[in-house]
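> Given chain V, work out where chain E should sit, using these hints.
Those protein sequence lines, which keep their order, are chains V and E.
According to the working numbering, the residues represented by the first sequence are 1 to 323, in order.
According to the working numbering, the residues represented by the second sequence are 1 to 323, in order.
Since the hints were derived computationally from the structure, they do not count as laboratory data.
Here the structure is a predicted model, which means the values were calculated and not measured.
A virtual CB, placed ideally from N, CA and C, is assigned to each residue, including glycine.
There may be inaccurate statements among the hints.
As the list claims (entries may be wrong) - Label pairs and their in silico Cβ distance ranges:
| id | chain 1 | residue 1 | chain 2 | residue 2 | range |
| --- | --- | --- | --- | --- | --- |
| 1 | E | 155 | V | 27 | 52 to 60 Å |
| 2 | E | 317 | V | 198 | 29 to 37 Å |
| 3 | V | 20 | E | 158 | 51 to 59 Å |
| 4 | V | 79 | E | 219 | 38 to 46 Å |
| 5 | V | 1 | E | 123 | 36 to 44 Å |
| 6 | E | 300 | V | 105 | 48 to 56 Å |
| 7 | E | 300 | V | 97 | 49 to 57 Å |
| 8 | E | 25 | V | 274 | 27 to 35 Å |
| 9 | V | 78 | E | 300 | 29 to 37 Å |
| 10 | V | 1 | E | 100 | 51 to 59 Å |
| 11 | E | 196 | V | 3 | 33 to 41 Å |
| 12 | V | 302 | E | 252 | 33 to 41 Å |
| 13 | V | 3 | E | 155 | 32 to 40 Å |
| 14 | V | 1 | E | 68 | 49 to 57 Å |
2 protein chains.
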Amino acid sequence: MYREEIKVLDCTIRDGGLINQYQFTDDFVKGCYRASCEAGVDIVELGKKLAVSDEYTRDKWGKWNFCDDDDIRRVVDSCDSEHRPEVAVMFDVGRVDLDALVPADQSPVDMIRTACYVADIDKGIDLVRRTKDLGYGTTINIMACSAAIERDLIEALEQVNESPEVDYLYLVDSYGAFYSEQVSAYLAMYREHAPDKPLGFHAHNNQQLAFSNTQQAIIEGVNLLDATINGIGRGAGNCNLELLLNFLKNPKFDVRPVYRAIQEQLVPLREEIEWGFNDIYGISGHLNQHPREAMRVRGDNGARDLCYDFFLEQSGEGDSAMD
Amino acid sequence: MYREEIKVLDCTIRDGGLINQYQFTDDFVKGCYRASCEAGVDIVELGKKLAVSDEYTRDKWGKWNFCDDDDIRRVVDSCDSEHRPEVAVMFDVGRVDLDALVPADQSPVDMIRTACYVADIDKGIDLVRRTKDLGYGTTINIMACSAAIERDLIEALEQVNESPEVDYLYLVDSYGAFYSEQVSAYLAMYREHAPDKPLGFHAHNNQQLAFSNTQQAIIEGVNLLDATINGIGRGAGNCNLELLLNFLKNPKFDVRPVYRAIQEQLVPLREEIEWGFNDIYGISGHLNQHPREAMRVRGDNGARDLCYDFFLEQSGEGDSAMD
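Bound-form chain V, shown alone (with noise of 0.2 Å):
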């Protein structure tokens, strides 16, 4: 028996776009939202909505990590699909342009969501807070908790549950280091200190654990869970929309359209780019670190595959050890 409240989120374009820098062409990105529209997902992720300045343009950082509602406007419209997912852009603390961002009601993005570090608590609620004044439906995803300083996290979680603009709160597992067990404590403590908010998730699958974390999530109670097709993300990746969909048992899912999308649009970038679980990712992730240096390391074809050296090097036994 599926549980209604569950909604899913589609961050396909924006979380696949960190490693490419957002270069999709417009046939990928329509391609992946009208398989969404089709499959019923509830929400789908088009990119960043950052600030355009002379060091961060259009063409070298592409256009998804600025989102002009133009642009998302002649996606939505290039889909004829009786069902609309809402569609969600991100805002990361400290390089959006507030100013520049219309009403809600002018705008064909329905929800806001801010990224921000712990330390950044405050910018981002404060991001939140104003999207939220503009009629945006708003979330805060807190990045990178499995490396913050517990009091400073609570700190945050409590400040989070006093923000009436919040309408979720993400735990997110940023470096895909959780197992099962983390993401039930760190829930259990998202819903101590901060129990007014209804609660989100968003796994890496560093340790092949996205998918299962994500129903571990599900098991503990939280209704908003992020994926992406064929489970492309920044590193290791992210939980696979197709196996989520296959999971939830909720009739107004179709899982087809997603498989046609990835027999159509993600199978020939598979040549061009790489996401998913190896080794690499898999230290990185066992290790609780960003995945900065195991990205490097696939990215140099003399050590891509030289899982022991960088098992060496990053648990601090080789050369590069410090103190």
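Here is chain E on its own, set in the frame of chain V:
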């Protein structure tokens, strides 16, 4: 805090050999054996022990399909590690020559695992009895239980429970179809109907759940866990030994030799043969199917990535649908 009772069985050669008809080089087998010795693994399964025949020759099917004692001795003697895992081999019902089996005290083999389907449980138990009579440690691995009629499975479990010669009873997710809730439900059934038997668990990774389901088995009290180096194994492969050792906190384990074996032995092998999760195996696991069809498709260069077509076909929506 770790659970001291937990034992890890490395079936790299036995399950991996199902991909390449056991055509491993001697160096590969010795390297994997050495890794398990140095890693502190409890039991190493070096292959099947089937009967040679005119049709079923060592040349064609590989010597690790037959596991002659002398072959095993050469591997065991090649390693000077202090820690010595028990050596296991696997029996398939109907394909073994018991008359050729010497008593355990004259053999380098310590444990014989008998694999059988529910329908062959009497034959399986008979084999277990006769191997136990010769002094071997024994397990019975009931295959494909997710496709068995429950009443038949329960009867088989009751028979196993009444057979004192069975040391361990294995729950085997042959089709990679289990979610954690199925692991728990089957284990509850196994405990109810075979309460006297210590349990083992063998996973497959069709839905990226081999590792997490093995964790679930641990949570449910299972103390004998199968895994393979780098997850090698038929189809989507098995629970990755390195991930499992990372998870288990028992200081007797050392994951580094496993990563060294991956870097030196498994990475080159990945150029020749394929294992691990992909979309096709994900579908076959979701549909609770024997991996036969999925393996055929993955072996067909024109079809191996056509997951949408495969989904329609296998879920009965394509041309080959049957009533």
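> Within 52 to 60 Å: is that where the Cβ-Cβ distance between residue 155 of chain E and residue 27 of chain V falls?
holds, 56 Å
> Just to be sure I understand the hint, the distance between the Cβ atoms of residue 300 of chain E and residue 97 of chain V should be within 49 to 57 Å; is that true here?
holds, 51 Å
> Does the Cβ pair residue 1 of chain V, residue 123 of chain E satisfy 36 to 44 Å?
holds, 39 Å
> Do the Cβ positions of residue 3 of chain V and residue 155 of chain E conform to the proposed distance bound of 32 to 40 Å?
holds, 35 Å
> Is it true that residue 25 of chain E and residue 274 of chain V lie within 27 to 35 Å of each other by Cβ?
holds, 29 Å
> Starting from the hint 51 to 59 Å, judge whether the C-beta atoms of residue 20 of chain V and residue 158 of chain E obey it.
Holds, at about 57 Å.
> Using the Cβ atoms, figure out if residue 300 of chain E sits within 48 to 56 Å of residue 105 of chain V.
holds, 52 Å
> Determine whether the Cβ-Cβ distance between residue 317 of chain E and residue 198 of chain V falls within the hinted range of 29 to 37 Å.
holds, 36 Å
> Given the hint of 51 to 59 Å, is the C-beta distance from residue 1 of chain V to residue 100 of chain E inside that range or not?
holds, 53 Å
> I want to verify a distance hint. Is the separation of the beta carbons of residue 79 of chain V and residue 219 of chain E within 38 to 46 Å?
holds, 43 Å
> Quick check on a hinted range of 33 to 41 Å for residue 302 of chain V and residue 252 of chain E, using CB atoms only.
holds, 34 Å
> Given the range 33 to 41 Å, decide if the beta-carbon distance of residue 196 of chain E to residue 3 of chain V lies inside it.
Because 38 Å falls inside the window, the suggested range holds.
Every hint, counting from the list given before, is met by this structure.
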